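Colleague: Sequence lines, in order, name chains A and B. At position 67 of the first sequence the residue is numbered 67 (full-length UniProt numbering), and the sequence of numbers has no breaks. At position 133 of the second sequence the residue is numbered 133 (full-length UniProt numbering), and the sequence of numbers has no breaks.
The reader is advised that the hints may include incorrect statements.
[Said to hold, decoys possible] Quick list of in silico lysine-lysine cross-link-like pairs, DSS-like style, CA-CA up to 25 Å:
{"#": "1", "chain 1": "A", "residue 1": "LYS335", "chain 2": "A", "residue 2": "LYS47"}
{"#": "2", "chain 1": "B", "residue 1": "LYS233", "chain 2": "B", "residue 2": "LYS456"}
{"#": "3", "chain 1": "B", "residue 1": "LYS57", "chain 2": "A", "residue 2": "LYS335"}
{"#": "4", "chain 1": "A", "residue 1": "LYS335", "chain 2": "B", "residue 2": "LYS54"}
{"#": "5", "chain 1": "B", "residue 1": "LYS295", "chain 2": "A", "residue 2": "LYS57"}
{"#": "6", "chain 1": "B", "residue 1": "LYS338", "chain 2": "A", "residue 2": "LYS54"}
{"#": "7", "chain 1": "B", "residue 1": "LYS335", "chain 2": "B", "residue 2": "LYS380"}
{"#": "8", "chain 1": "A", "residue 1": "LYS8", "chain 2": "A", "residue 2": "LYS407"}
{"#": "9", "chain 1": "A", "residue 1": "LYS433", "chain 2": "A", "residue 2": "LYS408"}
{"#": "10", "chain 1": "A", "residue 1": "LYS77", "chain 2": "B", "residue 2": "LYS98"}
{"#": "11", "chain 1": "A", "residue 1": "LYS329", "chain 2": "B", "residue 2": "LYS54"}
{"#": "12", "chain 1": "B", "residue 1": "LYS450", "chain 2": "B", "residue 2": "LYS427"}
{"#": "13", "chain 1": "B", "residue 1": "LYS57", "chain 2": "A", "residue 2": "LYS329"}
{"#": "14", "chain 1": "B", "residue 1": "LYS77", "chain 2": "A", "residue 2": "LYS98"}
{"#": "15", "chain 1": "B", "residue 1": "LYS330", "chain 2": "A", "residue 2": "LYS330"}
{"#": "16", "chain 1": "A", "residue 1": "LYS57", "chain 2": "B", "residue 2": "LYS54"}
{"#": "17", "chain 1": "A", "residue 1": "LYS258", "chain 2": "B", "residue 2": "LYS338"}
{"#": "18", "chain 1": "A", "residue 1": "LYS338", "chain 2": "B", "residue 2": "LYS57"}
{"#": "19", "chain 1": "A", "residue 1": "LYS249", "chain 2": "B", "residue 2": "LYS98"}
{"#": "20", "chain 1": "A", "residue 1": "LYS98", "chain 2": "B", "residue 2": "LYS249"}
{"#": "21", "chain 1": "B", "residue 1": "LYS54", "chain 2": "A", "residue 2": "LYS47"}
{"#": "22", "chain 1": "B", "residue 1": "LYS57", "chain 2": "A", "residue 2": "LYS347"}
{"#": "23", "chain 1": "A", "residue 1": "LYS207", "chain 2": "A", "residue 2": "LYS452"}
{"#": "24", "chain 1": "B", "residue 1": "LYS295", "chain 2": "A", "residue 2": "LYS54"}
{"#": "25", "chain 1": "B", "residue 1": "LYS47", "chain 2": "B", "residue 2": "LYS354"}
[Said to hold, decoys possible] Stretches of chain B that chain A covers, calculated by requiring three or more beta carbons in the stretch to come under 8 Å of a beta carbon on chain A:
{"#": "26", "stretch": "21 to 33"}
{"#": "27", "stretch": "83 to 89"}
{"#": "28", "stretch": "108 to 122"}
{"#": "29", "stretch": "150 to 160"}
[Stated by the list, open to error] Now the stretches of chain B that chain A is said to cover, found in silico as 3 or more residues with beta-carbon under 8 Å:
{"#": "30", "stretch": "52 to 65"}
{"#": "31", "stretch": "73 to 80"}
{"#": "32", "stretch": "94 to 103"}
{"#": "33", "stretch": "125 to 132"}
These aren't lab readings, by the way, just hints derived from the structure by calculation. Nothing here was measured: the structure is a model prediction, and the numbers come from that model. C-beta atoms are modelled at their ideal positions from N, C-alpha and C, and glycine is treated no differently.
As a plain string of letters, each chain reads:
Protein chains: 2
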Amino acid sequence: MSKGIISKDEDYSQWFNELVIKADMAEYSPVRGCMIIKPYGYSIWEKMQAVLDKMFKDTGHSNAYFPLLIPKSFFSKEASHVEGFAKECAVVTHYRLKNDETGQIVVDEDAKLEEELIIRPTSETIIWNTYRGWIQSYRDLPILVNQWANVMRWEMRTRMFLRTSEFLWQEGHTAHATAEEAIAETEQMLDVYADFAENWLALPVVKGRKTPNERFAGALDTYCIEALMQDGKALQAGTSHFLGQNFAKAFDVKFTGKDNKLDYVWATSWGVSTRLIGALIMAHSDDAGLVLPPKLAPIQVVVVPIYKHDEELENITAYVNGLTEELMKKNISIKFDKRDTHRPGAKFAEYELKGVPLRVAIGSRDMQNGTVELARRDTKTKETTSQEGLADRIEQLLEEIQANIYKKAFDFRAENITEVDSYDEFKRLLDEKPGFLSAHWDGTPETEQKIKDETKATIRCIPLNNQQEAGHCMLTGKPSTQRVLFARAY
Amino acid sequence: MSKGIISKDEDYSQWFNELVIKADMAEYSPVRGCMIIKPYGYSIWEKMQAVLDKMFKDTGHSNAYFPLLIPKSFFSKEASHVEGFAKECAVVTHYRLKNDETGQIVVDEDAKLEEELIIRPTSETIIWNTYRGWIQSYRDLPILVNQWANVMRWEMRTRMFLRTSEFLWQEGHTAHATAEEAIAETEQMLDVYADFAENWLALPVVKGRKTPNERFAGALDTYCIEALMQDGKALQAGTSHFLGQNFAKAFDVKFTGKDNKLDYVWATSWGVSTRLIGALIMAHSDDAGLVLPPKLAPIQVVVVPIYKHDEELENITAYVNGLTEELMKKNISIKFDKRDTHRPGAKFAEYELKGVPLRVAIGSRDMQNGTVELARRDTKTKETTSQEGLADRIEQLLEEIQANIYKKAFDFRAENITEVDSYDEFKRLLDEKPGFLSAHWDGTPETEQKIKDETKATIRCIPLNNQQEAGHCMLTGKPSTQRVLFARAY
Chain A
1 MSKGIISKDE
11 DYSQWFNELV
21 IKADMAEYSP
31 VRGCMIIKPY
41 GYSIWEKMQA
51 VLDKMFKDTG
61 HSNAYFPLLI
71 PKSFFSKEAS
81 HVEGFAKECA
91 VVTHYRLKND
101 ETGQIVVDED
111 AKLEEELIIR
121 PTSETIIWNT
131 YRGWIQSYRD
141 LPILVNQWAN
151 VMRWEMRTRM
161 FLRTSEFLWQ
171 EGHTAHATAE
181 EAIAETEQML
191 DVYADFAENW
201 LALPVVKGRK
211 TPNERFAGAL
221 DTYCIEALMQ
231 DGKALQAGTS
241 HFLGQNFAKA
251 FDVKFTGKDN
261 KLDYVWATSW
271 GVSTRLIGAL
281 IMAHSDDAGL
291 VLPPKLAPIQ
301 VVVVPIYKHD
311 EELENITAYV
321 NGLTEELMKK
331 NISIKFDKRD
341 THRPGAKFAE
351 YELKGVPLRV
361 AIGSRDMQNG
371 TVELARRDTK
381 TKETTSQEGL
391 ADRIEQLLEE
401 IQANIYKKAF
411 DFRAENITEV
421 DSYDEFKRLL
431 DEKPGFLSAH
441 WDGTPETEQK
451 IKDETKATIR
461 CIPLNNQQEA
471 GHCMLTGKPS
481 TQRVLFARAY
Chain B
1 MSKGIISKDE
11 DYSQWFNELV
21 IKADMAEYSP
31 VRGCMIIKPY
41 GYSIWEKMQA
51 VLDKMFKDTG
61 HSNAYFPLLI
71 PKSFFSKEAS
81 HVEGFAKECA
91 VVTHYRLKND
101 ETGQIVVDED
111 AKLEEELIIR
121 PTSETIIWNT
131 YRGWIQSYRD
141 LPILVNQWAN
151 VMRWEMRTRM
161 FLRTSEFLWQ
171 EGHTAHATAE
181 EAIAETEQML
191 DVYADFAENW
201 LALPVVKGRK
211 TPNERFAGAL
221 DTYCIEALMQ
231 DGKALQAGTS
241 HFLGQNFAKA
251 FDVKFTGKDN
261 KLDYVWATSW
271 GVSTRLIGAL
281 IMAHSDDAGL
291 VLPPKLAPIQ
301 VVVVPIYKHD
311 EELENITAYV
321 NGLTEELMKK
331 NISIKFDKRD
341 THRPGAKFAE
351 YELKGVPLRV
361 AIGSRDMQNG
371 TVELARRDTK
381 TKETTSQEGL
391 ADRIEQLLEE
401 IQANIYKKAF
411 DFRAENITEV
421 DSYDEFKRLL
431 DEKPGFLSAH
441 WDGTPETEQK
451 IKDETKATIR
461 CIPLNNQQEA
471 GHCMLTGKPS
481 TQRVLFARAY
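Using the sequences and the accompanying hints, generate a full structural model.
Modeller: As structure tokens, this is what we get:
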């Protein structure tokens with residue numbers, strides 16, 4: 001059945017845009033580069049938030065809230081940080097509108113701010129300015145704080161969920177007494193993100209570190225998780241930064257150690273965003289619509305009754321009410337779609353488009369036979385199943401679907417990580433069989449930049465626990481001790 | 001024990017400010033009028049969000065997210081709306097910073113926006129512009145959407161939680177086919193707010209309607225809940241607006257009805273904010289610190305061990321672990337404060353300051369006797385209780401505390417609602433025994449304004465289901481059919 005969506009093999013980018021719109025996930029707003037997240041899309045974000053928030057709390061973090069607006073002078077204090085974000089900042093300059101002589105609403109020039117304010121693109125500066133007041137001694141450390149917030153980066157080229165001027169995210173900002181502790185925190189949060197990606201989004205990721213060129217502006221080290229989309233492009237799904245003492249020095253945040261000596265505080269920051277919704281869509285969906293992993297699907301099971309007479313519907317309803325109660329005990333969400341304004345076929349198509357993992361159809365014949373028809377979204381297979389023990393069967397199937405979606409993505413990635421030893425081969429594969437390309441590189445920013453300029457491929461990461469292997473840089477032939485992962489990326 | 005907080009009888013306003021800081025709830029930020037909500041304060045907001053969000057979902061609402069920035073032209077489309085908010089808008093005019101010749105970071109004048117963008121003070125305009133695309137027919141109605149977001153109103157006089165330039169809130173925006181439905185929604189959400197205030201915040205509220213002068217900018221009718229603080233000032237704790245067809249007309253949102261006729265859509269909006277945290281503090285707390293109703297307290301029970309030797313602590317710990325398990329089954333949160341850096345007395349003072357409803361102290365003698373000492377924060381009473389059945393006793397006490405805090409606030413309000421029949425008496429009471437003053441008013445905006453100018457008292461609301469009673473306006477002597485509630489307010 002056609003949903004009016006272009007095939008992803010024909011135009012992957014267009015397929016994504018149409019799917020986001022048709023599946024009621026989001027739409028563009030009249031504000032350039034900003035999107036409206038519709039209820040169905042937002043409910044996935046809410047599920048992600050709930051899971052991540054628990055993971056953060058289980059690792060000792062608390063939430064707090066810091067101001068949206070950052071004084072320009074703060075923003076400028078850490079040199080590489082402002083360098084990285086200055087070109088994409090929304091700037092507040094006035095605090096009042098007024099009616100002009102013609103009755104038009106205009107900016108009131110009498111209400112010009114003494115100092116311009118920046119809408120946060122990230123909150124390191126305002127937070128480290130605050131931490132100065134919170135930290136005197138080692139007893140005040142560590143500080144383990146997270147913030148759920150909106151941020152703004154004035155992007156020139158935008159794409160829904162993946163790159164928008166405003167987006168929603170969480171940003172963790174922690175303060176520690178030693179570099180070792182801060183690095184351990186950075187790595188712990190990378191593990192949390194990888195766990196979340198693999199076990200909830202069903203998205204296999206490579207954990208690694210960025211090259212200096214690709215680091216967060218102000219970080220000494222940036223760790224990341226990288227995922228592969230179905231078109232062979234990579235997507236950075238989360239980052240965790242070891243910030244060293246850069247922000248503590250910029251904002252003069254010192255503490256007295258156990259040894260009574262004064263030192264600057266060590267910092268980390270880490271974040272994931274609504275971009276993950278884009279990753280979820282791009283990684284698993286197909287030409288018929290979304291394919292959502294059951295653990296994050298807003299509706300896990302939908303029941304569509306098939307009937308002619310009201311009394312048939314009554315029978316079906318009685319059965320579905322019992323099933324609903326059983327599923328609720330298992331924490332499985334179920335929707336019973338009794339609308340009489342839509343035919344069963346239209347409902348099937350709608351839930352396929354929206355990626356509901358399991359569909360249960362029940363007709364009068366089923367009621368006589370004590371059966372239902374179960375249809376899986378991921379494999380598009382159907383089975384006729386007994387009504388007896390159906391809740392258990394559904395629970396089991398949802399687990400199978402979650403595992404299967406992960407396995408499919410895992411196998412796809414395995415097929416699309418290729419070791420490459422020559423630059424010609426590298427360029428050929430980027431066009432013919434894009435994916436992660438594992439290649440030797442001489443370790444210089446110049447070579448990295450040249451490859452990027454010539455091929456649009458970047459070093460996605462140096463995988464953690466990378467195998468050491470003698471080789472030669474594919475571009476310069478200089479010696480190299482390990483392969484790194486290249487790809488074109490979102 | 002002195003916490004270094006001024007007495008509330010001496011200076012209520014200063015008491016509030018000091019309490020907010022000392023209890024680690026929040027602090028001012030360097031951005032004028034914006035505050036930093038610290039983890040302890042934010043955890044109360046998280047509890048409020050969880051309860052309200054469930055209430056909204058139980059009444060059929062879904063969450064969504066709309067852009068932070070609103071084009072100035074949208075903002076100007078509803079005349080009284082822009083009138084109401086134009087004077088307190090943060091305006092974004094540029095989207096880039098740059099280095100000038102001297103290396104200073106400055107606004108890049110080449111990156112001036114064609115149209116200025118307003119940071120949302122509320123989202124009616126951007127949302128109704130969006131609803132135009134969502135609504136064609138009565139089948140698309142109702143739309144029941146809520147948003148959790150930050151908003152900004154450039155306030156000249158600010159006070160933490162109660163009035164800040166940026167605040168966190170939820171804003172519901174619903175669309176309906178008929179005025180009746182929209183009014184029913186407006187009233188339903190007022191009931192939800194009143195239920196939340198009374199049963200969770202332990203805060204008795206008066207439900208009522210605003211006079212035209214005090215209505216939300218763009219509303220046909222504004223419903224509110226009004227609470228009384230301990231200094232006799234009123235505080236508006238939530239509002240629910242019937243917007244009529246004003247925004248539908250401003251944004252051309254029409255629908256085809258069942259009768260096939262085209263009509264404008266009917267609207268409501270409703271919101272509560274982090275202001276409720278201010279209300280919670282102001283309504284219940286005392287000179288020793290916060291008094292939190294158990295249902296919203298981040299920590300409901302704290303256990304402080306009193307011991308000299310490590311083996312004593314081991315015994316106590318073993319017992320507390322068992323208690324913790326029992327309380328977790330009852331969904332009661334418990335903190336066991338084993339820190340050896342603080343003495344028991346310091347811990348007692350800290351949890352008193354932070355308003356933890358119940359404190360359990362256990363010493364070696366208690367372990368021998370099978371007892372504990374239980375101390376209530378609200379009444380400051382202590383009891384020695386058997387360890388046997390302690391979880392049940394705690395559960396019961398928490399319920400008693402919740403009820404007692406409510407009753408105390410209810411009795412205080414009952415003592416401070418006074419019927420007044422003369423303007424002299426009215427003015428005298430405002431100074432001598434402030435509270436809600438129930439008085440006759442001639443129903444004109446001019447009289448209302450004059451009373452406000454002369455006394456700083458405003459009409460807080462016309463209570464719902466108000467008793468009809470013939471009388472004379474206390475100021476003009478003109479006839480009146482009902483009393484309304486006046487007060488000085490936050």
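Colleague: Could you work out which earlier hints the structure fails to respect and list their numbers in ascending sequence?
Modeller: Violated hints: none; all satisfied.
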